[in-house]
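Asker: Sequence:
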Amino acid sequence: MISIPILVAIIAGVVALVFAALMAMKVVKADEGNDTMKEIADAIKVGSSAFLRREYTALIPFVVVVAVILGVLIDWLTMGSVIPKTAISYLVGTICSAVAGFVGMNVAVRANVRTAAAAMTGLNPALRIAFSSGSVMGITVVGIGLLGVTVLYLVFQDITVVAGFGFGASSIALFARVGGGIFTKAADVGSDLVGKVEAGIPEDDPRNAGVIADNVGDNVGDVAGMGADLFESYVGSLISSIALAAAGIGVFGDQVVFPLMLAGAGIVAAILGTFVVRSGEQADFGQLLWALRRGIFASAILLAVFALGIILFYGWDIDWFWCVLSGLVAGVVIGLATEYYTSYEYKPTKQVSESSQTGAATVIISGLATGMLSTVIPVIAIGITILIAFQLAGFYGIALAGVGLLSTLGITLATDAYGPVADNAGGIAEQAQLDPQVRERTDALDALGNTTAATGKGFAIGSAALTSLALLAAYAVTAEITAIDLLSSTTLVGLMLGAMLPFLFSAFTMKAVGRAAFSIVEEVRRQFREIP
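Quick note: to get my numbering, add 51 to the position in the sequence shown (first position is 1).
There's no promise every hint is true.
Computed list of lysine-lysine pairs in DSSO-like fashion (alpha-carbon distance at most 27 Å, straight line) [what the hints assert, rightly or not]:
(1) Lys236 <-> Lys508
(2) Lys398 <-> Lys508
(3) Lys401 <-> Lys508
(4) Lys236 <-> Lys89
(5) Lys236 <-> Lys401
(6) Lys562 <-> Lys508
By construction, these hints were calculated from the structure, which means they are not laboratory data. From a predicted model like this one, the values you see are computed outputs, not experimental measurements.
Using the sequences and the accompanying hints, generate a full structural model.
Answerer: Printed below as a string of structure tokens:
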């Protein structure tokens with residue numbers, strides 16, 4: 052018989068998918084505008100679908116090979132199982148992550164033209180359509196993630212097997228985030244270099260052949276890519292907390308089911324939070340930012356209330372609530388800190404802007420310095436959260452803090468995925484030569500989207516820090532590792548290699564962006580020469 056907490060988690064996952072479907076239908080029913088707008092939107096849609104199809108096709112051989120390796124090494128040789136449970140779980144994880152990205156991106160490429168059309172009537176209708184599109188991505192990710200983890204754990208009742216689901220999500224996240232990100236930045240740099248710098252034409256000008264590629268990049272990188280990234284962190288936080296609990300108390304103990312119930316409560320809180328996101332017709336940047344922030348704050352408060360209610364109802368340890376609350380607060384702090392460093396309303400961005408008076412070099416220096424400084428508050432917030440959670444409930448507390456941070460992911464990701472839709476809407480308005488007032492409205496939404504996109508990246512990194520620590524702790528508990536000798540030569544070498552890897556990986560990705568941007572620049576130049 053299925054326990055009530057497990058049933059609640061499954062129902063919450065189903066509710067999330069139903070809500071996402073309703074929001075998608077609401078977006079699709081909106082007006083698309085004139086024929087020129089539809090033609091531009093179709094080009095973006097075709098390009099985005101082609102990229103995602105090519106990416107997923109390239110991933111299939113990799114996924115199949117890894118699944119076979121897991122089936123042989125883990126299921127057959129290590130666990131002695133005839134049925135490749137871990138391999139199946141891995142494949143389910145890759146499929147779920149790919150489906151979440153596919154759904155989110157396909158709604159986004161349909162919402163962009165509808166957002167531009169809505170901007171012809173007012174600011175709030177445009178905000179609602181763009182945010183509804185983002186909500187589809189956010190709610191789909193948490194719904195599929197929670198359903199996948201819960202159902203697999205219910206069927207196999209072995210967290211080692213379910214860990215394969217997280218590994219599958221990680222595989223897709225790596226390729227979608229990096230591949231989509233490389234394409235996004237290459238298209239952005241390539242189209243701007245030729246269009247704005249060499250040809251001297253405005254951004255999103257229809258004469259620039261790279262504009263469509265730029266708009267495609269926004270969707271494949273900042274919608275599908277970011278969705279896969281946060282999907283991986285979300286399921287990782289659930290799996291790590293269940294693994295830590297199951298290692299000590301059994302398959303369906305209180306500590307095992309609480310993270311699943313918490314995630315279910317987070318879905319309900321996120322759905323309710325989406326209804327308070329709206330703005331006035333004459334809203335400025337601050338009011339627009341508050342409209343989105345209000346939804347996030349409402350969801351966080353609701354989740355805190357739900358978490359406390361669940362714990363008191365079942366008579367569980369009240370310390371669990373404080374762990375969850377610490378994660379929630381950390382998420383809010385990271386979001387506010389990121390907004391402060393990326394919004395043009397605040398001092399850091401204004402200082403970078405002022406530095407442009409003396410040339411490009413000072414802008415780069417000032418921008419890098421501001422970016423480096425922006426890491427301080429999020430790192431301190433995560434550090435304090437780790438200390439509080441560990442003191443209250445050990446490594447399980449850290450895992451709960453991670454779940455708390457990610458429980459409202461539905462609305463946090465919605466505010467992030469909204470950005471590319473608003474950006475695309477501005478591009479469509481410019482290319483279709485709509486009324487300047489329409490472009491002003493889409494520019495206001497786009498400026499807000501740039502800030503929320505940065506917030507999403509900070510949120511992803513912060514959640515990954517807590518999730519990775521919890522996963523490491525789960526591994527240590529399972530492998531019965533009680534301590535790590537920092538004075539050991541092998542440990543020191545490992546630390547040095549680990550510190551080096553981000554630089555190596557960054558170098559590879561930046562080189563890839565440079566090569567791709569070079570190709571785009573050459574192609575756009577060729578079209579300017581041959582198709583004047």
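Asker: Determine for every hint whether it applies to the structure shown.
Answerer: Results for each hint:
The hinted pair formed by lysine 236 and lysine 508 meets the criterion: a straight-line CA distance of about 15 Å does not exceed 27 Å. Of the pairs offered as hints, the one joining lysine 398 and lysine 508 holds, with about 21 Å between alpha carbons and a cut-off of 27 Å not exceeded. Straight-line distance between C-alpha atoms of lysine 401 and lysine 508 comes to about 21 Å, which keeps the hinted pair within the 27 Å bound. Distance restraint check for lysine 236 and lysine 89: the Cα-Cα separation of roughly 25 Å lies within the 27 Å cut-off, and the hinted pair is therefore satisfied.
Annotation: proposed proximity of lysine 236 to lysine 401 holds, straight-line Cα distance about 23 Å (limit 27 Å). Taking the CA atoms of lysine 562 and lysine 508, the gap is near 21 Å; set against the 27 Å cutoff, the hint holds.
Comparing the model with each numbered hint stated earlier shows that all of them hold.
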